[in-house]
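Chain by chain, the residues:
Number of protein chains: 4
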Amino acid sequence: MTAATRDSAPPSETEGTDRGLERLVFFSDAVIAIALTLLAIELPLPEGNDDAARWHSLGELFTGEYLSFLLSFVVIAAFWSVHHRLFQRVARIGSWIVRLNLLFLFTIVVLPLATRLHRQEGAEQVGVVAYATVVVAVGVSLLLLLWQLHRAGLLRPDTPPGAVPGTARALAVPVTAFAISIPIAFVSTAAAQYTWLLPVVVLLVVRSYRRLRRA
Amino acid sequence: MTAATRDSAPPSETEGTDRGLERLVFFSDAVIAIALTLLAIELPLPEGNDDAARWHSLGELFTGEYLSFLLSFVVIAAFWSVHHRLFQRVARIGSWIVRLNLLFLFTIVVLPLATRLHRQEGAEQVGVVAYATVVVAVGVSLLLLLWQLHRAGLLRPDTPPGAVPGTARALAVPVTAFAISIPIAFVSTAAAQYTWLLPVVVLLVVRSYRRLRRA
Amino acid sequence: MTAATRDSAPPSETEGTDRGLERLVFFSDAVIAIALTLLAIELPLPEGNDDAARWHSLGELFTGEYLSFLLSFVVIAAFWSVHHRLFQRVARIGSWIVRLNLLFLFTIVVLPLATRLHRQEGAEQVGVVAYATVVVAVGVSLLLLLWQLHRAGLLRPDTPPGAVPGTARALAVPVTAFAISIPIAFVSTAAAQYTWLLPVVVLLVVRSYRRLRRA
Amino acid sequence: MTAATRDSAPPSETEGTDRGLERLVFFSDAVIAIALTLLAIELPLPEGNDDAARWHSLGELFTGEYLSFLLSFVVIAAFWSVHHRLFQRVARIGSWIVRLNLLFLFTIVVLPLATRLHRQEGAEQVGVVAYATVVVAVGVSLLLLLWQLHRAGLLRPDTPPGAVPGTARALAVPVTAFAISIPIAFVSTAAAQYTWLLPVVVLLVVRSYRRLRRA
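Here the protein sequences come in this chain order: A, B, C and D.
For the first sequence, UniProt numbering assigns the number 1 to the initial residue and increments by one for each residue that follows.
For the second sequence, UniProt numbering assigns the number 1 to the initial residue and increments by one for each residue that follows.
For the third sequence, UniProt numbering assigns the number 1 to the initial residue and increments by one for each residue that follows.
For the fourth sequence, UniProt numbering assigns the number 1 to the initial residue and increments by one for each residue that follows.
Hints were generated in silico from the structure; no laboratory data involved.
Since this is a predicted model, take the numbers as computed values, not measurements.
Take every hint as true, because none was put in to throw you off.
Simulated coverage check for chain A against chain B, where a stretch passes if three residues somewhere in it have a Cβ under 8 Å from a Cβ of chain B: (1) 27-36; (2) 75-88.
Chain C residues, not near chain D, derived (Cβ > 10 Å throughout): (3) V74; (4) V90; (5) S188; (6) T195; (7) P199.
Yeah, the Cβ is synthetic: ideal placement off N, Cα and C, and Gly gets one too.
Using the sequences and the accompanying hints, generate a full structural model.
Right, dumping it as structure tokens:
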């Protein structure tokens, strides 16, 4: 395959790659940091004619727009954590990694747009489906990155054998939950949004199970 | 504790951590830099039909919206300075540091929202309480970072013994001042905002005392 | 020439240049990352009174504003990739490189403005011409950077002889396509926009040809 | 002086400073990059009912809002260049450098606000005075940084003796031009704005003189 061939080019052709890798990571961080910060920009403020009305309005925002903002912050932060851990294992990069990483950044840049759509009043079905689709796209682009890093032998030799399948599983859980929520949204948008909490449940169950096994 | 165990993992398991630490610091800087710059985006401009009216309008902005912007700039810059000095002492990071740092970044991202709420006319009580709460949250998240770095032994061995309690004290002063202002705001929002100047007073008193002791 | 003389200053005068080069690259990345993320900020959301109307509205956005956003993302990402690969070959920088890079960043900062103009309804001729002009300006500024790096001998000694003409050709293709589209836009804006797809066609043809030659 | 004493602390107390210096530079770059990119965000687009009207509108923007944007881009880029060259000479930093750099960043963050005010129609006197004041503040904060770096001995030992006075002169020219324009603006805002071109004139004269002297 062309991709694999290019990415596994001999060291002589990949000189300067260290700087290239560092810059790729840096550029990704800048894009993610901006997407994260922009989430809060267009959030509405509580409104009302007196303090009581404004406190009430604030309470409503917490169960609506602010909750949606929190969800997107957690989603971006979680994907950043995976990207952060994954790239600590990367030894070299190739042109396909650059492209897949740009695809990943594209999905990250689209996420604040999907967040706006999700919190827009009265657009429930479109908003829920679009949001879930973008989250799935972020996760899938990271899975593609992981897959290409693995098959082209770009990970550091000291990467433990369990790291790749472990990361794949960590990504598959939210991808599956958000993918399942898409057809559900056409029946019930509320049910679809509860599905998004599934990864948290799975995480808690897995942890309890491991703790029990160790004990 | 799981947290401590993970964070104090043996060197063999934390290879690549240097790059991870650098990236964490970098990512934090990008988020803080954006939050800082966004503070000025939505500031109103002086208005009026002639020069005299516009100069008058500018004067009013200086004691209102522009003062509020200056306060938030100083608050974010001060917390960045603490983060900057603290992370120069960090030797390694673990997954709990990543999470606590994301919590810190969350509070930083929310601060421009709280600033907008604070400077919104007529929302005094909600604005003052929300602003003080977010500042307390920023400080507490940094205190949690400091505490976890200390207890999991992630600071460099050459960290002077006084550095951790010194940083804790430096954070405790503004956290206390803003925390005290929250109940005060329900009685008088003006008094609550004067309380925010307390850290400056404390700083000046401490410095004069030290200068006297040395002399 | 003054430019060449300054840029090829002896090592003794360019100490600290490594940090200067790193910072130039970093600063460029930050500007490009922000321009990339800002593209999505002002995108409109689907509107309508019921789900069917909103799905229809979303479909229309995909062939209009969202397509325009995707185009700009691809354009900025492609130019970033060229900048990324080019600067891996750079050994030293001089004051002319700093200036030409600032010119490049200027064109990048203007691109989101041109994108907004391009997607503004009813401004077709102005929008198409302005957009094409800015893309040409981005490409030309990168060509100037490449030319100055080459003539002042600032590239690493291990740069393969084909790297400079190869990068020049990779830049010349989109620059030519967008330049040709400018006069075309005064006759037909639709035809002008189809011209923008030319680089993709050229790329595919070149690749097929190379694959055939190798086989 | 306390400042000098702290900044010239013995090496044993400034361990980890390398990372601190790098981070300070990085943080500054991120803030400057965002300020630079934000300049273009709120620029108006040409308007009109047909192509002719829109081309005319675009022409007017070029001599108004777009020219103001270009000016601010050049101003921020020029100050970034000075900061970039200055920090290549820095060996160590201290707490006063961090504070003065934050003051510099504050003036940079305020510049887009001053730009908006400057290009706001009908606010000529306030806009011109505010803009010139902020540019003076940016320059003065950089002069303070230079002065503190010099007096506390934080520059690298290999800094040529002419570098500090050279940088001071390079900063003094625009600072003087913009400072002179402030009183002029109360008589004629047009004359004040022409004064801003003075640094370009001075630069050209100095260069021609040097070229003649060399010949």
